[in-house]
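Residue numbers (UniProt numbering), protein chains in the order written: chain A, 1 to 338; chain X, 1 to 338; chain V, 1 to 338; chain G, 1 to 338.
Hints may be right or wrong, so weigh each one.
Since copy identity is lost for identical chains, a pair holds within one copy or between any two.
Unchecked claim - Below, a list of computed lysine to aspartate or glutamate pairs in the EDC-like style, where the Cα atoms sit at most 20 Å apart:
#1 LYS171 with GLU146
#2 LYS316 with GLU60
#3 LYS157 with GLU325
#4 LYS153 with GLU60
#5 LYS260 with GLU57
#6 LYS279 with GLU60
#7 LYS196 with ASP170
#8 LYS319 with GLU217
#9 LYS245 with GLU61
#10 LYS260 with ASP80
#11 LYS279 with GLU261
#12 LYS200 with ASP170
#13 LYS203 with GLU177
#14 LYS119 with GLU261
#15 LYS326 with GLU305
#16 LYS319 with GLU57
#17 LYS279 with GLU325
#18 LYS70 with GLU108
#19 LYS245 with GLU216
#20 LYS326 with ASP113
#21 LYS157 with ASP80
#22 LYS6 with ASP44
For the record, the hints were derived by calculation from the structure and aren't laboratory data.
Number of protein chains: 4
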Amino acid sequence: MIITLKKNTPQPEIDRLIKNFEKQGVQVNMISGANYNVFGLVGDTAKLDEWRIMANEWVEEVTRIAAPYKLANRMFHPEDSVINVSGVKVGGHEKIVVIGGPCSVEGETMICDIAQEVKAAGGVMLRGGAYKPRTSPYAFQGMGTEGVLAMVKAREKTGLPIVSELMSADKIDEFVEHVDLIQVGARNMQNFDLLKALGKVNKPVLLKRGLANTIEEWIMAAEYIMAGGNKNVILCERGIRTFEKYTRNTLDLSVVPIIKERTHLPIIIDPSHATGDWKLVEAMSLAAIAAGADGLIIEVHSCPECAWSDGAQSLKPAKFASLIEKGRAIAQVVGRSL
Amino acid sequence: MIITLKKNTPQPEIDRLIKNFEKQGVQVNMISGANYNVFGLVGDTAKLDEWRIMANEWVEEVTRIAAPYKLANRMFHPEDSVINVSGVKVGGHEKIVVIGGPCSVEGETMICDIAQEVKAAGGVMLRGGAYKPRTSPYAFQGMGTEGVLAMVKAREKTGLPIVSELMSADKIDEFVEHVDLIQVGARNMQNFDLLKALGKVNKPVLLKRGLANTIEEWIMAAEYIMAGGNKNVILCERGIRTFEKYTRNTLDLSVVPIIKERTHLPIIIDPSHATGDWKLVEAMSLAAIAAGADGLIIEVHSCPECAWSDGAQSLKPAKFASLIEKGRAIAQVVGRSL
Amino acid sequence: MIITLKKNTPQPEIDRLIKNFEKQGVQVNMISGANYNVFGLVGDTAKLDEWRIMANEWVEEVTRIAAPYKLANRMFHPEDSVINVSGVKVGGHEKIVVIGGPCSVEGETMICDIAQEVKAAGGVMLRGGAYKPRTSPYAFQGMGTEGVLAMVKAREKTGLPIVSELMSADKIDEFVEHVDLIQVGARNMQNFDLLKALGKVNKPVLLKRGLANTIEEWIMAAEYIMAGGNKNVILCERGIRTFEKYTRNTLDLSVVPIIKERTHLPIIIDPSHATGDWKLVEAMSLAAIAAGADGLIIEVHSCPECAWSDGAQSLKPAKFASLIEKGRAIAQVVGRSL
Amino acid sequence: MIITLKKNTPQPEIDRLIKNFEKQGVQVNMISGANYNVFGLVGDTAKLDEWRIMANEWVEEVTRIAAPYKLANRMFHPEDSVINVSGVKVGGHEKIVVIGGPCSVEGETMICDIAQEVKAAGGVMLRGGAYKPRTSPYAFQGMGTEGVLAMVKAREKTGLPIVSELMSADKIDEFVEHVDLIQVGARNMQNFDLLKALGKVNKPVLLKRGLANTIEEWIMAAEYIMAGGNKNVILCERGIRTFEKYTRNTLDLSVVPIIKERTHLPIIIDPSHATGDWKLVEAMSLAAIAAGADGLIIEVHSCPECAWSDGAQSLKPAKFASLIEKGRAIAQVVGRSL
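Model the full assembly from the supplied sequences, consistent with the hints where possible.
Structure representation (structure tokens):
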């Protein structure tokens with residue numbers, strides 16, 4: 001951590017600050033510059049609060065050097081983490097996983113049918129929303145427990161592990177019992193109480209990046225879960241909020257090499273919510289595989305127009321199957337398989 | 001709602017769509033354009049899902065005409081709402097309320113002392129965080145229940161109603177019992193389960209705008225709470241996330257006239273979290289009052305450098321008092337008082 | 001174009017507005033809604049100014065239906081445009097072009113050497129900056145004419161066409177004489193006078209997307225050039241400005257399928273400026289090819305650390321060559337070649 | 001400047017780097033941390049290019065400590081700059097200036113009439129566009145020279161100095177001859193060649209902030225002009241681009257105290273282009289004055305609905321006059337006058 005002080009900081013203040021930091025277990029090296037004095041702090045600076053330090057009237061700026069995450073940090077865990085989701089392995093040099101399914105579970109028959117289509121196409125996991133995060137209170141909120149149980153039926157019939165979004169901690173037991181991969185939605189990425197609760201369960205978590213959260217904040221959200229004891233976190237990029245109007249969000253594929261460089265966690269891509277337009281999903285999926293992603297999570301619906309939510313971004317099963325075929329070829333080029 | 005169809009949409013498809021919409025209780029007027037056909041839908045279109053309609057291969061675009069909010073909409077509730085927080089009225093032509101207090105409650109003595117300062121300076125409500133939303137799991141997470149009770153003590157001594165952030169629904173009972181105004185933090189603005197739970201209690205809610213949520217999404221979050229039965233919502237702008245690096249967030253003061261035009265809810269401003277820099281708080285506070293805001297919520301700390309969180313944006317009591325004095329003068333010019 | 005009027009708009013005003021629009025050559029269809037009246041305008045609405053219409057106190061909203069671009073619009077020009085840059089064809093089903101070279105021309109020997117490396121690696125065009133857009137007036141501003149002539153030398157030795165950024169119209173003659181592809185930089189994307197001037201020359205233009213310009217504004221900038229008479233425009237995405245701090249910009253690869261759907265112009269990607277980090281360039285380049293891009297423009301420098309500008313994002317020749325090899329394999333999968 | 005090196009950087013590399021920097025005239029202090037080594041550079045680091053340094057494979061991060069601007073920096077010029085625009089003084093403790101006028105000059109009579117209204121209302125300068133930056137090539141581009149001369153006539157009749165936007169350097173002579181304050185538009189804020197040209201003339205410049213430029217980039221644009229020899233720069237905030245849809249841009253009023261803290265230049269606010277909605281202009285204008293702005297530049301039109309551009313954000317003369325009256329009262333509170 002580097003602290004920049006105004007040039008005319010009184011000596012007694014400088015001495016007081018140095019003592020203060022040493023008391024907190026960090027060593028202070030001072031460099032005198034032309035217009036500033038600089039403190040270089042060495043030691044465990046993770047617990048220092050830069051906003052508190054910046055409150056000091058003589059402090060100009062505080063710059064963190066070390067990344068604030070440890071458990072997720074590849075520097076301390078050089079090997080890739082491979083997360084096992086009920087037999088499907090994600091990450092490292094494992095096969096690229098393709099997860100498919102509808103935005104919302106609309107009934108048992110419906111989800112079982114789509115599950116068959118997803119499996120036939122080459123998908124290895126089934127997604128489906130039982131509890132839906134809707135911007136409007138008047139929109140369909142999801143089938144709830146009934147939806148979860150319908151997905152369980154679909155798993156029984158196809159063998160596909162299921163991933164579903166958990167909206168609040170009061171349903172954790174239901175999810176731990178029935179769901180293979182618990183999804184934390186974009187709008188809950190910084191629902192810290194939910195993250196802490198998931199840190200205490202023994203179940204893999206799919207952590208979506210928030211609408212406008214930095215990669216660092218996203219990794220820190222994973223750190224919350226891991227700090228609780230649950231190391232099984234898969235990251236999922238789903239597009240970030242920008243000024244662009246032609247897409248629902250802006251898919252940030254640079255996260256793939258960045259996450260792989262800075263962390264050891266697997267990273268998958270959701271091109272459906274990112275683009276909001278089924279016509280863009282294939283191109284973005286192939287791009288994601290070429291970039292090195294560990295997987296894709298794609299919305300599939302037999303009749304997108306009939307979908308109870310997010311139909312515009314859903315692929316019909318035939319297109320989903322075709323995408324997986326092309327994906328296989330791309331995967332091979334980058335040394336992976338599907 | 002306006003639906004744009006491709007020019008060459010087959011007649012059977014047009015007929016099918018019209019029947020579909022009529023079945024959902026809306027009337028369809030069709031306009032034939034040079035390169036597009038347009039449906040003008042009339043009726044209760046709030047429940048129609050535009051993403052589902054856009055899934056249709058013949059649909060080019062869907063544009064909503066009516067705002068999706070009803071309960072919060074001034075069109076259906078022309079008079080200002082005045083929210084009563086244990087005797088302090090917020091909104092309409094009531095006095096502009098100034099809420100002050102530390103970011104975190106750090107102890108009973110500390111919060112009682114600051115409460116006295118806030119009251120002496122002219123503040124009418126006390127803020128303080130007992131449960132803190134921290135980006136890092138290693139940072140101070142708040143005193144919890146102890147902190148809430150310390151704030152209760154401060155209220156007993158000063159008579160100031162207290163406002164504090166509720167992080168998750170499992171503490172609702174504690175807050176309903178002890179807190180006068182329950183705050184929903186920026187990162188929880190779209191924690192829909194929390195909003196639904198707050199919709200069921202009889203306690204005013206202070207709803208902060210999310211880091212990167214549109215004004216419309218923000219009003220819809222208020223709509224969630226109101227739809228549950230709790231009409232007592234006060235909105236709070238705290239800066240939005242942008243590319244600018246010199247400030248922590250970008251304070252969007254245009255929300256003041258916009259919220260007043262479109263809704264009947266009170267709107268207050270948090271210049272502390274918005275700017276992240278105590279040196280900017282006064283200017284932004286006076287600007288907010290001049291713009292017509294119903295109140296301010298400002299961080300105050302006797303020793304910002306010692307603050308356990310967000311010290312850099314906290315004002316010392318003397319500066320807080322001075323700000324209130326200047327604020328009185330501005331308020332008078334715009335026909336309000338403090 | 002759809003115009004939404006307040007429900008209580010007086011009839012005389014409605015009549016006046018209808019006459020006004022008819023006089024401008026558009027036909028008006030009116031739909032009466034529950035809370036709004038809606039005008040559907042049919043005809044050539046491109047010349048109508050929505051900001052002027054919105055000034056009317058009875059108008060709530062104006063929504064354009066047809067895209068504002070015509071010359072660039074695929075609707076009116078269904079076949080791909082193939083732009084010929086001194087023998088190198090870009091677009092359609094032509095080979096994916098890879099353009100390489102340093103950020104700045106630093107000397108004749110330097111640029112000739114890099115040109116040889118670029119050619120040997122498989123690049124088909126040479127980039128290099130003679131006039132540099134620097135945020136600071138104290139930074140190296142480019143070699144100017146000397147730099148252009150050095151690039152000419154490099155072309156003589158290798159046969160590679162050259163692309164370079166034109167900063168202002170006063171150098172147009174110099175560029176028309178010496179440069180094969182004239183680049184308009186991100187910060188000049190809406191320098192309308194420069195666009196108009198380039199519309200009058202017979203030389204292909206590489207139009208970079210602005211830091212925070214929408215895809216629609218970008219296509220309209222191309223429309224400026226095409227409206228002047230110069231149809232030879234190649235679009236280049238170089239990352240947009242967002243809140244993310246780990247990358248210099250956010251590379252928006254969704255532009256590839258979007259540009260191809262809405263326009264007939266070729267689209268290439270600049271992963272160097274987008275990411276600002278050479279370690280991310282390969283992954284993003286392969287992703288771009290997989291997404292369907294018509295080309296890449298990549299910074300290459302023999303000694304990035306010595307580079308006079310933007311060294312951090314430059315690839316060494318060996319890495320550039322390796323990237324092209326991998327790119328060939330990806331291209332094959334998506335039905336193209338390199 | 002602080003440079004962070006990886007912990008395992010080989011000693012010969014460390015030695016080489018240190019020599020390299022010393023040769024460039026800066027002194028290097030090294031601090032050894034737990035996981036990183038840090039160089040603290042002391043001396044004139046302005047000319048060092050951080051992107052070039054970051055190209056070194058052992059460098060993790062480069063952080064600038066000193067602001068990159070000097071001429072605009074208050075640290076080196078503690079007194080406020082007061083810019084004299086043909087007798088109207090802007091900045092420091094001078095009166096807050098209110099500039100009014102139409103978006104476009106539409107004729108001599110029109111501009112002379114509005115000029116009278118602006119003057120009668122209390123405005124002290126007349127704005128008007130003769131050369132318009134339009135997103136579409138099909139939109140009205142401005143009256144050109146005829147428009148400039150019409151504004152000259154308006155000045156002759158009212159005595160109001162005139163401010164108008166210069167789109168390209170080829171019209172500089174025309175502007176130097178006729179215009180009192182030359183405006184650089186948002187889309188030209190980083191048109192470096194234009195800035196350099198304006199640096200050479202002896203005429204005040206009104207520099208608008210770019211759509212998505214940071215405050216630092218904005219000040220550096222001013223630095224370009226000042227470095228050329230022209231110290232007379234007034235900054236103008238006109239809203240930045242964000243995700244919000246209810247406003248045309250997001251007005252960032254925090255720039256007022258920030259610009260005053262970091263620079264000595266005057267700062268005025270354009271609430272018209274910022275909000276895009278005349279109904280928001282008054283509230284934002286009063287807020288700007290309360291925040292400490294040195295002036296306002298507001299669009300005024302007798303018949304906004306008839307305006308040839310940007311009608312929706314124009315105020316009618318009566319509203320403009322009323323705004324100025326209220327503004328006077330606010331100004332008094334903050335120790336200024338109008």
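Here's how the hints hold up against the structure:
Taking CA atoms no more than 20 Å apart as the test, LYS171 paired with GLU146 passes inside one copy only; the shortest distance there is 13 Å, against 27 Å between copies. When the C-alpha separation of LYS316 and GLU60 is checked against a cutoff of 20 Å, the pair qualifies only between copies, where the shortest distance is 18 Å, while the shortest distance within a copy is 56 Å. Taking the shortest Cα distances, LYS157 and GLU325 never come within 20 Å of each other, neither inside one copy (24 Å) nor across copies (44 Å). With identical chains, the CA atoms of LYS153 and GLU60 are never at most 20 Å apart, being 60 Å at best within one copy and 37 Å at best between copies.
Proximity of LYS260 and GLU57 under a CA criterion of 20 Å is satisfied inter-copy only: 18 Å between copies versus 39 Å inside one chain copy. Taking the closest pair of Cα atoms, LYS279 and GLU60 come within 20 Å of each other only across two copies (12 Å); inside a single copy the shortest separation is 49 Å, beyond that limit. Both within a single protomer and between protomers do LYS196 and ASP170 lie at most 20 Å apart by alpha-carbon distance, with minima of 13 Å and 13 Å respectively. In this assembly of identical chains, LYS319 and GLU217 lie within 20 Å of each other by CA distance neither inside one copy nor across copies; the values are 35 Å within and 31 Å between.
In this assembly of identical chains, the alpha carbons of LYS245 and GLU61 lie at most 20 Å apart only when taken from different copies (12 Å versus 36 Å within one copy). For the identical chains of this complex, LYS260 and ASP80 are intra-copy neighbours only, at 8 Å inside a copy versus 37 Å across copies, given an alpha-carbon limit of 20 Å. In this homomeric assembly, LYS279 and GLU261 come within 20 Å of each other (Cα to Cα) only across copies, at 9 Å, whereas the closest approach inside a single copy is 31 Å. Within a single copy, LYS200 and ASP170 get their C-alpha atoms as close as 14 Å, and across copies as close as 17 Å, so both meet the 20 Å cut-off.
Taking identical chains as interchangeable, the C-alpha atoms of LYS203 and GLU177 lie at most 20 Å apart only when both belong to the same chain, with a minimum of 10 Å there against 35 Å between chains. Neither within a single protomer nor between protomers do LYS119 and GLU261 lie at most 20 Å apart by alpha-carbon distance, with minima of 32 Å and 30 Å respectively. Neither within a single protomer nor between protomers do LYS326 and GLU305 lie at most 20 Å apart by alpha-carbon distance, with minima of 25 Å and 39 Å respectively. In the homo-oligomer, the alpha carbons of LYS319 and GLU57 lie at most 20 Å apart only across protomers (14 Å), although the nearest pairing inside one protomer, at 61 Å, exceeds that limit.
Within a single copy, LYS279 and GLU325 get their C-alpha atoms as close as 17 Å, which meets the 20 Å cut-off; across copies the closest is 29 Å, which misses it. In the homo-oligomer, the alpha carbons of LYS70 and GLU108 never lie at most 20 Å apart, since the shortest distance is 42 Å inside one protomer and 34 Å across protomers. In the homo-oligomer, the alpha carbons of LYS245 and GLU216 lie at most 20 Å apart only across protomers (9 Å), although the nearest pairing inside one protomer, at 26 Å, exceeds that limit. Proximity of LYS326 and ASP113 under a CA criterion of 20 Å is satisfied in neither setting, with 23 Å inside one chain copy and 39 Å between copies.
When the C-alpha separation of LYS157 and ASP80 is checked against a cutoff of 20 Å, the pair qualifies neither within a copy, at 32 Å, nor between copies, at 47 Å. In this assembly of identical chains, LYS6 and ASP44 lie within 20 Å of each other by CA distance solely across copies; the values are 17 Å between and 24 Å within a copy.
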